[in-house]
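Peer 1: So you can see what is in the structure, the chains are spelled out below.
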Amino acid sequence: MNDADLIKEFRKGSTEAFSELVKKYSRPLTMTIFRIVRDAEEAKDISQMVFLKAYEGLPRFVMASSFKTWLYSIALNTAKDHLRKRRPVQVADALDSLVDPAEPAGDRLDKERNLLRLREAIETLPLKQRLTLQLRIYEEMDYEEIAKMIGGSAGSARVNFFQAAKTLREKLGSTK
Amino acid sequence: MKRLDCSEAEKLIISDLDEGLDPKNKQFLESHLRGCASCMKMREEFRALFSSVAADVPPDPGEEFWRRYDSSLAAALREKETDAGWWGFRWKMVGVLFAAVLAIVAVFTSLHDWERPPITQKIAKQEGAEKLVIQELDDLYGPSSEDFLPTFQDSAVVTEAKISHGDDTVLDWFEVEDESSNLLL
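If you read the protein sequences in the order shown, they are chains A and B. Note that the numbering used here has the first sequence beginning at 6, numbered continuously upward. Note that the numbering used here has the second sequence beginning at 31, numbered continuously upward.
I should point out that these hints are in silico values taken from the structure, not numbers from a laboratory. Note that the structure is predicted; figures quoted are calculated from it, not measured.
List time: in silico SDA-like cross-link candidates among lysine to any residue, alpha-carbon distance up to 20 Å:
#1 LYS28/A - ASN7/A
#2 LYS116/A - ARG77/B
#3 LYS122/B - GLU61/A
#4 LYS153/A - SER71/A
#5 LYS29/A - TYR99/B
#6 LYS28/A - GLU111/B
#7 LYS73/A - LEU11/A
#8 LYS71/B - PHE167/A
#9 LYS122/B - ARG16/A
#10 LYS71/B - LEU177/A
#11 LYS28/A - ALA105/B
#12 LYS29/A - THR74/A
#13 LYS133/A - ARG89/A
#14 LYS17/A - GLU111/B
#15 LYS153/A - ASN82/A
#16 LYS85/A - GLU47/A
#17 LYS176/A - GLU40/B
#18 LYS133/A - PHE167/A
#19 LYS28/A - GLU46/A
#20 LYS171/A - GLU40/B
#21 LYS29/A - LEU107/B
#22 LYS28/A - ALA106/B
#23 LYS133/A - SER45/B
#24 LYS41/B - ARG163/A
#25 LYS133/A - LEU79/B
#26 LYS110/B - MET54/A
Generate the whole structure from the sequences, applying the supplied hints.
Peer 2: Here it is, written out as structure tokens:
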């Protein structure tokens, strides 16, 4: 059954249809949120909140966009609210998993330092630029999709990506 | 052919690394880069930047995480379903009660004798108002109302009847009759 059929079934009262949608989207959606907020527990809470919002909102969903776009736009708005409210993130979290301990100590330190600087620089980007960059690079979404999810046009999403890349290069270059 | 300046080259470099350029713009950029070392360096920096961002992906949190995720989400959704069911039941109950109240009102309204014009109308239009009032009382209580006739013929009773409506006449009449009785005593 495709998403539209599952939504119809859910509207008729089938909770199993909603469980199918959860099964299909929960992992990719949670991983997208995880890559944005960089904290697995926070990503879990946000993702679950998104599915609860979707459960409540699905009877009113008009299918002007795909279910995936609608669900991700809820997720990104919830993530944006979360990022606005939370304390500055510990960007050093989970560095171990990305840096190879077998590497020579000097190389490893350089790599860690560069990663920290990169994460800090991404953290300081305006939210729309940050989300556009992350959705474009991590999720490989096209600009039309990004615009539908975070608002604005494809053109403005391109500008956001360009500005994010330019700012990051400037910040990382200036501290070298 | 127009020469490309470095700020335009920056846009093209980002576009090229991001989505790729059409052949014309690609050729335009490459010819600029061949003669501009700083833009060439800029391209390498952007390339390194994008690959660093792409490489900094948090790993999958593992099966234990997903087990906890699935079980807590399932519990939260069950709670929502129960809430929705409970609220649905409550709204249904409110609907049933409302329908019952409407039905009761409808039954009582239909029992009211709308065909019978208010006694005051009869009094206003016709001669012999007292007789009409008595006839009205006979309709309600039978011939026994004649027992009250002497008192009822008091003009105060007729006045009272004139300002009354429909069935209320009976109550008003009794009140006046009681007062008259007291006066007679």
